[in-house]
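> The lines below spell out each chain.
Number of protein chains: 2
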Amino acid sequence: MTFPVVGMVGGGQLARMTHEAGIPLGIRFKLLSDTPQDSAAQVVHDVVVGDYRDLETLRAFARGCDVITFDHEHVPTEHLRALEADGIPVRPGPDALVHAQDKGVMRARLDALGIPCPRHRIVRDAQDVAAFAEEGAGFPVVLKTVRGGYDGKGVWVVDTVEEAEEPFRAGVPVLAEEKVDYVRELAANVVRSPHGQAVAYPVVESRQVNGVCDTVIAPAPGLDPALALEAEEMALTIAKELGVVGHLAVELFQTRDGRILVNELAMRPHNSGHWSMDGAITSQFANHVRAVLDLPLGDPRPRAPWTVMVNVLGGDFPDMYSAYLHCMARDPQLKIHMYGKDVKPGRKVGHVNTYGDDLDDVLERARHAAGYLRGTITE
Amino acid sequence: MTFPVVGMVGGGQLARMTHEAGIPLGIRFKLLSDTPQDSAAQVVHDVVVGDYRDLETLRAFARGCDVITFDHEHVPTEHLRALEADGIPVRPGPDALVHAQDKGVMRARLDALGIPCPRHRIVRDAQDVAAFAEEGAGFPVVLKTVRGGYDGKGVWVVDTVEEAEEPFRAGVPVLAEEKVDYVRELAANVVRSPHGQAVAYPVVESRQVNGVCDTVIAPAPGLDPALALEAEEMALTIAKELGVVGHLAVELFQTRDGRILVNELAMRPHNSGHWSMDGAITSQFANHVRAVLDLPLGDPRPRAPWTVMVNVLGGDFPDMYSAYLHCMARDPQLKIHMYGKDVKPGRKVGHVNTYGDDLDDVLERARHAAGYLRGTITE
Numbered sequence: 029m030t031f032p033v034v035g036m037v038g039g040g041q042l043a044r045m046t047h048e049a050g051i052p053l054g055i056r057f058k059l060l061s062d063t064p065q066d067s068a069a070q071v072v073h074d075v076v077v078g079d080y081r082d083l084e085t086l087r088a089f090a091r092g093c094d095v096i097t098f099d100h101e102h103v104p105t106e107h108l109r110a111l112e113a114d115g116i117p118v119r120p121g122p123d124a125l126v127h128a129q130d131k132g133v134m135r136a137r138l139d140a141l142g143i144p145c146p147r148h149r150i151v152r153d154a155q156d157v158a159a160f161a162e163e164g165a166g167f168p169v170v171l172k173t174v175r176g177g178y179d180g181k182g183v184w185v186v187d188t189v190e191e192a193e194e195p196f197r198a199g200v201p202v203l204a205e206e207k208v209d210y211v212r213e214l215a216a217n218v219v220r221s222p223h224g225q226a227v228a229y230p231v232v233e234s235r236q237v238n239g240v241c242d243t244v245i246a247p248a249p250g251l252d253p254a255l256a257l258e259a260e261e262m263a264l265t266i267a268k269e270l271g272v273v274g275h276l277a278v279e280l281f282q283t284r285d286g287r288i289l290v291n292e293l294a295m296r297p298h299n300s301g302h303w304s305m306d307g308a309i310t311s312q313f314a315n316h317v318r319a320v321l322d323l324p325l326g327d328p329r330p331r332a333p334w335t336v337m338v339n340v341l342g343g344d345f346p347d348m349y350s351a352y353l354h355c356m357a358r359d360p361q362l363k364i365h366m367y368g369k370d371v372k373p374g375r376k377v378g379h380v381n382t383y384g385d386d387l388d389d390v391l392e393r394a395r396h397a398a399g400y401l402r403g404t405i406t407e
Numbered sequence: 029m030t031f032p033v034v035g036m037v038g039g040g041q042l043a044r045m046t047h048e049a050g051i052p053l054g055i056r057f058k059l060l061s062d063t064p065q066d067s068a069a070q071v072v073h074d075v076v077v078g079d080y081r082d083l084e085t086l087r088a089f090a091r092g093c094d095v096i097t098f099d100h101e102h103v104p105t106e107h108l109r110a111l112e113a114d115g116i117p118v119r120p121g122p123d124a125l126v127h128a129q130d131k132g133v134m135r136a137r138l139d140a141l142g143i144p145c146p147r148h149r150i151v152r153d154a155q156d157v158a159a160f161a162e163e164g165a166g167f168p169v170v171l172k173t174v175r176g177g178y179d180g181k182g183v184w185v186v187d188t189v190e191e192a193e194e195p196f197r198a199g200v201p202v203l204a205e206e207k208v209d210y211v212r213e214l215a216a217n218v219v220r221s222p223h224g225q226a227v228a229y230p231v232v233e234s235r236q237v238n239g240v241c242d243t244v245i246a247p248a249p250g251l252d253p254a255l256a257l258e259a260e261e262m263a264l265t266i267a268k269e270l271g272v273v274g275h276l277a278v279e280l281f282q283t284r285d286g287r288i289l290v291n292e293l294a295m296r297p298h299n300s301g302h303w304s305m306d307g308a309i310t311s312q313f314a315n316h317v318r319a320v321l322d323l324p325l326g327d328p329r330p331r332a333p334w335t336v337m338v339n340v341l342g343g344d345f346p347d348m349y350s351a352y353l354h355c356m357a358r359d360p361q362l363k364i365h366m367y368g369k370d371v372k373p374g375r376k377v378g379h380v381n382t383y384g385d386d387l388d389d390v391l392e393r394a395r396h397a398a399g400y401l402r403g404t405i406t407e
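Those protein sequences? They're chains A and B, same order as listed.
Residue numbers are given in this note's numbering: position 377 of the first sequence equals residue 405, and the series is strictly consecutive.
Residue numbers are given in this note's numbering: position 195 of the second sequence equals residue 223, and the series is strictly consecutive.
Incorrect hints may appear among the rest.
The list treats identical chains as one, so a pair stands whether inside a single copy or across any two.
Derived SDA-like pairs (lysine to any residue); straight-line CA-CA distance at most 25 Å [unchecked claim]: (1) K376 <-> V33; (2) K268 <-> Q361; (3) K372 <-> P32; (4) K369 <-> D74; (5) K376 <-> F281; (6) K369 <-> F31; (7) K369 <-> H73.
Hints are computed from structural coordinates only; laboratory data are not their basis.
Kindly produce the complete structure, drawing on both the sequences and the hints.
Structure, rendered in structure tokens:
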């Protein structure tokens, strides 16, 4: 059969779960992984171990692939352009991906599109931050490195001009943003294919703990349908206008005064979409694969009234196997997704999904399982 | 993490789908495959290419595995005993597996357990067949090689004593069975773990075309609940009494006079359970992995009122990709499972699952997709 080869750069859990979703699709899956121990490298047949920052490594990997896609957003833009010049489709392409790589470029583009964002400004030093606060945003101010931050890393919340010195020490560009008075965080996940078909997953509520995604509830409870529609349309507009191919996660703030503002963009399968593996007709991973191959997209609608995802973080005890056994025994409906990673405190090593008719019950089951696996719940 | 290693012997689609189910479980999966091109060998990281009939190959493969299980039932019993003597858990074990390998042993054991079967007798020649027919079974008689048959191979339906010569030409033991007057075929799928936990999937209807499974409907439409319960209990009894570990498929005849009789046993994930991948809370593959590792079993209940599986057989045209694209476009809810196999006429190369509230609609969608992929439906 002439089924295509998808090459994925990056061997983390997103690649692992994309491979899982690609198996029933009958595609071939090739992986470029930093190490042979990476999460996806353990389960994929065709693994190349190499450094994605090295163009020749990327080029050699891309030979024999019908399309290149990503587990993360760290591949240098110029390398992506070189692959395209070699004739390899790169999805999402560099012109789209830069908006997920560079928060300054992203904010400027969203402003131009009229998409609501927190007040923001590129700042060069603490005095710039003070001026930004004074001109309306006020303290605290959120400072973010323009490139490279994730899961709360590269982010500072500063209350004073003195505290604002720290982010500039590394000498990298910094974006200042107002600290939004939000009631909760939402995420609008959409998938778009090269010839413009797009699907929107239900808008979810995403709860962070210490800057790391902890719980996702699909759909977001009690969300005004008009606001949900606005969020979906916003994500579809961003996907279209930025030329995104594949999965796009738009992280949102829902403000106290009833608006939604864009927090971050991610152009790959995203933690806020993991619920879809067990909760949607077609998962984000399956739709990402379908999109990058320009196949017709699958139905993103939920299969159950409520689906809850809770991340499993590493705790103090390195062996989760007996806790895992306990969780299976306690809840035969629990869906456990382990990433094959060594347990380190605070590291995402898996997630659990639960679904059902009763949100309280679904939430309790997911939280209990994740807490038990981490070791913070012991009964 | 100290998650265990499951070694699977055989690289067919059952191994491929077992690996897919094992990824979220976080286990390590090793494969012993006949060739590097086998269905599962394309998608599994740790592949050993070798001959399962060679004991030293098996022994080398089993080193470093926490348990050995199977994609097929063809591993010689003495090899399984040798692995057990080496201290490797073999699941299902040889004492159970022989009942799926040898139809004579199976019939004798089910008779002893009082499980209803078609009339049967081991026969040595055509005269034996004639005597068997005369003593009550009547012609036509079904003749089966005691070992090695599958998908209609190694099975003859003979109307006369003259026709009964053929099966004996190979010089292998033959079992004669009455041709049962059945209204349909059913399958009762159960999974059992080493310490005796067992779960039963809903009894399904299985429709064969030319001796090959074509369509499975879960649950079996219009089945008397008492008969469904009887079938489930029968399968659970067989699993327990034969000491099966892992998935057990009990293929059944539903007779015109309202009885159920055991046709065949399979001790591995089975075509009649493929619907569970999209239609049950826990699939047969996930539960097989959980069982062979003696983990608590997952919930086997259906997620939708009706799930239909139709096998995709190879047609005359080797490239299915454009048909596959068409099927995705026509039905965004369709679940396609391709096995990565070259298309040959009549070969199982994949299956489709559909689910929903309306059986006619669910059946039509699955049949259309499978027919279109095969090339027998062109619109």
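> Decide, hint by hint, whether the structure agrees.
To see whether the hints hold, each was checked on the structure:
For the homomeric pair K376 and V33, the shortest alpha-carbon distance between copies (22 Å) is at most 25 Å, but the shortest distance inside one copy (29 Å) is not. When the C-alpha separation of K268 and Q361 is checked against a cutoff of 25 Å, the pair qualifies only between copies, where the shortest distance is 24 Å, while the shortest distance within a copy is 38 Å. In this homomeric assembly, K372 and P32 come within 25 Å of each other (Cα to Cα) only across copies, at 19 Å, whereas the closest approach inside a single copy is 37 Å. Proximity of K369 and D74 under a CA criterion of 25 Å is satisfied in both settings, with 19 Å inside one chain copy and 17 Å between copies.
For a Cα distance limit of 25 Å, the shortest separation of K376 from F281 inside one copy, 23 Å, qualifies, whereas the shortest one across copies, 49 Å, does not. With identical chains, the CA atoms of K369 and F31 are at most 25 Å apart between copies only, with a shortest distance of 10 Å across copies and 31 Å within one. In this assembly of identical chains, K369 and H73 lie within 25 Å of each other by CA distance both inside one copy and across copies; the values are 18 Å within and 16 Å between.
The structure agrees with every numbered hint stated previously.
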